[in-house]
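Chemist: Position chain B against the provided structure of chain A, taking the given hints into account.
Chain order of the listed sequences is A and B. Numbered according to my numbering, the first sequence spans residues 1 to 118. Numbered according to my numbering, the second sequence spans residues 1 to 110.
Think of the hints as simulated: they come from the structure by calculation, not from any bench. Take these hints with a grain of salt, some might be off.
Have a look at the derived ranges for each label pair, beta carbon to beta carbon [to be verified]:
1. B:Lys56 x A:Leu26: 24 to 32 Å
2. B:Ala10 x A:Leu26: 28 to 36 Å
3. A:Lys14 x B:Ser68: 52 to 60 Å
4. B:Gly16 x A:Asn51: 42 to 50 Å
What you are looking at is a predicted structure, and each value in this text was computed from that prediction instead of being measured. Ideal Cβ placement from N, Cα and C applies to all residues, glycine included.
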Amino acid sequence: GAVVSQHPSWVICKSGTSVKIECRSLDFQATTMFWYRQFPKQSLMLMATSNEGSKATYEQGVEKDKFLINHASLTLSTLTVTSAHPEDSSFYICSARAPGLARTDTQYFGPGTRLTVL
Amino acid sequence: SQQGEEDPQALSIQEGENATMNCSYKTSINNLQWYRQNSGRGLVHLILIRSNEREKHSGRLRVTLDTSKKSSSLLITASRAADTASYFCATGRLSQKLVFGQGTRLTINP
Numbered sequence: 001g002a003v004v005s006q007h008p009s010w011v012i013c014k015s016g017t018s019v020k021i022e023c024r025s026l027d028f029q030a031t032t033m034f035w036y037r038q039f040p041k042q043s044l045m046l047m048a049t050s051n052e053g054s055k056a057t058y059e060q061g062v063e064k065d066k067f068l069i070n071h072a073s074l075t076l077s078t079l080t081v082t083s084a085h086p087e088d089s090s091f092y093i094c095s096a097r098a099p100g101l102a103r104t105d106t107q108y109f110g111p112g113t114r115l116t117v118l
Numbered sequence: 001s002q003q004g005e006e007d008p009q010a011l012s013i014q015e016g017e018n019a020t021m022n023c024s025y026k027t028s029i030n031n032l033q034w035y036r037q038n039s040g041r042g043l044v045h046l047i048l049i050r051s052n053e054r055e056k057h058s059g060r061l062r063v064t065l066d067t068s069k070k071s072s073s074l075l076i077t078a079s080r081a082a083d084t085a086s087y088f089c090a091t092g093r094l095s096q097k098l099v100f101g102q103g104t105r106l107t108i109n110p
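This is chain A alone, in the form it adopts within the complex:
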């Protein structure tokens, strides 16, 4: 149980276009989802915390108009990278937390989405 999926697993786009990444909790309801960004051989940097039905909370330095997050249901959160530029190329990972599961502090991670902006 506690499976999180991401779609797409990789995407290549042209500079200036927008890209949407989906994060789904497949077998549980996720009241809170998190979006991370990871550069090669580096750790995960939290971008924002997404709560179902409310606005996302962004970390300092993350542009909310650049990275749009929508958590419309208990099983789906989306991250849209607007007007993407090459510096936005990265590995984006989502995670989900479910209060109903035994380990309430555990986050379950998706497999990640590799974004390449040309």
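Modeler: Just chain B now, with coordinates in the frame of chain A:
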């Protein structure tokens, strides 16, 4: 900012040997978690230890936590080639975000 600092940054050992990774953190925590990440993949949760626990086992994994020293260690016994991955510690407070360390890249040589 990253709270967890991991040591070593990279570790290469022979299959069958034990691997030990350390994590230090700065502020008070509710729990500390260890995750594994295979190259280009998402993170897999390994083990969670709460602040009132000192040691926890899961299969070949042994985690210790010393809150007085603000440090934790992950021991993988009888390592296998499949254990090759990056390992991250993450500190958390109840119902709040996790803060990840820089990670240890573990390579198991056959």
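Chemist: Hint by hint, say whether it matches the structure.
Modeler: Hints and how they fare:
| no. | hint | verdict |
| --- | --- | --- |
| 1 | B:Lys56 x A:Leu26: 24 to 32 Å | holds (27 Å) |
| 2 | B:Ala10 x A:Leu26: 28 to 36 Å | holds (34 Å) |
| 3 | A:Lys14 x B:Ser68: 52 to 60 Å | holds (54 Å) |
| 4 | B:Gly16 x A:Asn51: 42 to 50 Å | holds (46 Å) |
Every hint from the earlier list agrees with this structure, and none is contradicted.
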